Amino acid sequence: MGRSVRRRHGVFLSLVLLLALGSLLTLPPLATGQGAVPLKVQVIYAANEAGGVDGRLGTLAAELQKTFRYSKYELLDSPQGSAAVNQGWRTGLPGDRSLEITPTAIKDGEYTLTVRVQASGGQALVNTRVKLKAGRTVLVGGPTHQKGVLIIAITAG
Amino acid sequence: MGAMAHWLHMSTGRGRRLAAYAAGDLAGPQRARAEAAVSGCPGCRREIEAHRRVAQTLRATPRVTLTDAEAGAFWSGVERRIETRERPHRIPARPALREMLWDHPRLSLASAAAAAVLVVGITLTQMGGWLSSSNGFPNGVEVVSVEGGSDAPVMLFQMPGSSLKVIWVFEEPTAE
Amino acid sequence: MRKYRIDHDLERLRNQRRGGIEPAREHPESQDDRALVEQAKQGDREAFATLVRRHQDRAFNLAYQMLRNREDALDVAQEAFARAFTSLPTFKGDASFGTWLHRIVVNLAIDSLRRRRRGGEASYDDSRGIAEEPEADLPANEDPAAALEAKQTRALLARGIARLPPAQRAVLILREIEGMSYEEIARAVGCNLGTVMSRLFYARRRLQQSLKPHLADLR
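Residue numbers (the working numbering), protein chains in the order written: chain A, 1 to 157; chain B, 1 to 176; chain C, 1 to 219.
Treat the hints as calculated values from the structure; they're not laboratory data. Computed from a predicted structure; not experimentally measured. It is possible that some hints are incorrect.
Said to hold, decoys possible - Heads up, incomplete: computed chain A residues facing chain B, CB under 7 Å, no partners named:
#1 V11
#2 R69
#3 G122
#4 V126
#5 K131
#6 L132
#7 K133
#8 V140
#9 G141
Ideal placement from N, C-alpha and C gives every residue a C-beta, glycine not left out.
All chains should be modelled from the sequences, with the hints used to inform the complete structure.
Have a look at this one:
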């Protein structure tokens, strides 16, 4: 393979790399939507004890029963609020814990949220990033409470 | 409904014990404690049971041995290699990347093509129209990333027939 | 308030005699091995030949499970012994000779897999070239249908293993096929206990995921 061919390859490679660098510098950043994200949280106590399913859970009850095998589901709290992008919304949880939700992007009815659950003392139990379509719910469960666990249902929009 | 997705975040001592439990490697009080941790979570139990069955099947794999001829000739093969090492010879220098590209035009073309793909990928990402389209994730919920705390492994799952994705935290019990 | 301390829990994990994880299995001939190693270090080639004959099957089996190719496995196993011989002066005896040798075999096998990958494979998928499982004698009272099913399952598992990244493949094989303890595996692959268990968990999970469409009882 001759020198001229090698030179052509080298020039081509350099051009492509320059193009990559250029695109990184010139393209606009990812657009994020404006406005506040409505947030709804249901804090549920689930345990294997008498008590049945709390009627206030509505349609969520059936989904919980498909997912878990507890005999009792009790709605402890249902805080609601809203937060703008990159603004945190915080609420307390039983056992001196806290929940913080921070929207990081809104786009076409989809919300990207950072969800953080902290134990008493401030140490993180879980730190997650989720994408939810408006009206959809994700569950964070497992923190111990009395004889069972907490299940936190988070809905955006 | 998508397939179930289970994983356990192995960041903690407790997470590692759950991994050992999944493998069927725990006994006694440690096993009992791990059982308690998954008792209310049938998705976790199914995942763990499947892990255990895979481990058991693998352990039953028959060993592969040398044939008589291979075994007979094995040591002389080793000896030849030892003697070759003991004879000094020039080891070719590892070519620098630049020389590799100059001498291997196909490699340099492949590198250029890979860089071109990278450019296209970055461009589409920046435009935001590729990775997160509104039809990108079933059931309208996607868990992009999750990590547990310093002593809290995390499992992600979704049961068949349910629309709910669950992020399950295995919190260490703390007696009051 | 009672809280678990991570250090304490990891110490218990390491202390295999307290129940929980099975104790480390020392190679039954390790005392004799040490004597042979010392003689080989003094230049006794015949002592090293004895070590080779003692460990060659195990080294070959490990290499084969990693590479799924007899020729490559033979190559790696012999090369491992040759390297062990030239590295004898560095062998301190804190691990058994067998465990030390396993480390060399695993590293050479991983190198071989990476060379295969550079040679054109798009991934670590070695399943296309996978060799047939060697015929094992059927026990007299075993049902042929069950034996066939077990063989098919193992063939599927072998393909699944061949798709694992080398580091996960190594710990899975050392644990499930070689039957090594977590401690031995950590020494054999040169990482800590936590990394061994993480890799093992993810290896089993990937295997399980790749087998789910085929094996109803693994769902």
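Discussion item. Holds or violated: the hint that A:V11 contacts chain B, with Cβ atoms closer than 7 Å.
Written reply: Not OK, violated: A:V11 not within 7 Å of chain B, min 10 Å.
Discussion item. Hint A:L132 vs chain B: min CB-CB distance below 7 Å?
Written reply: The hint holds - A:L132 has a Cβ within 7 Å of chain B, the shortest such distance being about 6 Å.
Fill in: Hint validity - A:K131 Cβ closer than 7 Å to any chain B Cβ
holds, 4 Å
Item to complete: With chain B as the partner, please determine if A:V140 meets the hint condition of a C-beta pair closer than 7 Å.
Response: holds, 5 Å
Worksheet item: With 7 Å as the cut and Cβ atoms as the points, is A:G141 at the interface with chain B?
Response: holds, 5 Å
Discussion item. Restraint: A:G122 near chain B, CB-CB cut 7 Å. Satisfied or not?
Written reply: violated, 10 Å
Fill in: Hint check, A:K133 versus chain B [nearest Cβ-Cβ separation less than 7 Å]
OK, holds: A:K133 within 7 Å of chain B, min 3 Å.
Practice prompt. Grab the minimum C-beta distance from A:V126 to chain B and call the hint holds if it beats 7 Å, violated otherwise.
Written response: holds, 5 Å
Fill in: Residue hint A:R69, partner chain B, criterion CB-CB below 7 Å
Since chain B brings a Cβ to about 5 Å from A:R69, closer than 7 Å, the hint holds.
Hints 1 and 3 from the earlier list are contradicted by this structure; the remaining hints agree with it.
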